[in-house]
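Q: Here are the chains, one letter per residue:
Protein chains: 2
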Amino acid sequence: MSIPPPGFAPLPDPPYYAVIFASLRGAPDDGYGAMAAEMAALAARQPGYLGVESARDGTGFGLTVSYWADETALIAWKAVAKHQLAQRLGKDRWYLHYALRVAKVERQYEGPEGR
Amino acid sequence: MSIPPPGFAPLPDPPYYAVIFASLRGAPDDGYGAMAAEMAALAARQPGYLGVESARDGTGFGLTVSYWADETALIAWKAVAKHQLAQRLGKDRWYLHYALRVAKVERQYEGPEGR
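Here the protein sequences line up with chains A and B, keeping their order.
Mapping to numbering that gives the first Met the number 0: the first sequence position 51 is 50, numbers consecutive.
Mapping to numbering that gives the first Met the number 0: the second sequence position 114 is 113, numbers consecutive.
This list has only true hints and no planted wrong ones.
For identical chains, the list gives no copy identity; a pair is met inside one copy or between any two copies.
Below 20 Å or equal to it, Euclidean Cα-Cα: the simulated EDC-like pairs (lysine to aspartate or glutamate) are:
1. 103 <-> 70
2. 77 <-> 109
3. 103 <-> 12
4. 81 <-> 109
5. 103 <-> 69
6. 81 <-> 37
7. 81 <-> 69
What the hints contain is simulated information worked out from the structure, not anything from laboratory work.
Keep in mind it's a predicted model, so treat the numbers as computed, not measured.
The shape of chain A in the complex, shown without the other chains (with noise of 0.2 Å):
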């Protein structure tokens, strides 16, 4: 594997896991950005984690994909990842609506090519 520009996760070869988390924000500086740090430090530090692409837009709409070994690594990491929202007043301080899939990730392309 190559690696990536930056913003894009240096992936292994298929299958691995992805962790879709699409979200809304509500008020913009309600220490959401701390918390998401500090999740993103933390997710870093979980066996088998293998990154995460995140964007956001003006709207306040986001995707943020991280992307995990195998099941094992997934299920550990919601465990860490639900007790920490739990200590923080919960997730409906930050997020006026959110949805989240696990996906078995099977192929992948990058291009454009020849760069």
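Go by the hints and put chain B onto chain A.
A: For chain B alone, coordinates are given in the frame of chain A:
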């Protein structure tokens, strides 16, 4: 399934497929918006199309996740998308880099609870 807020795809119970497209855009005003809108309209008319979620931040890094009923729908869309892009001078006109992952969604959750 309940109707989600704007930005979120209304999805059936798993399993279904997700195409995770991470991309870094170059110059902002190069016809990309028109192309993206056209591709989205085209995708929405494909059999097996379930929905799409998309966010791009201020740096030009974006994530688009499209959802598909099954592998047949996904393969048909791939052929259509390839053809469209080939007609339009190629992907490298818009993207400095992209990564595409095809994943099977196995589980999903929504929240916050009670809203």
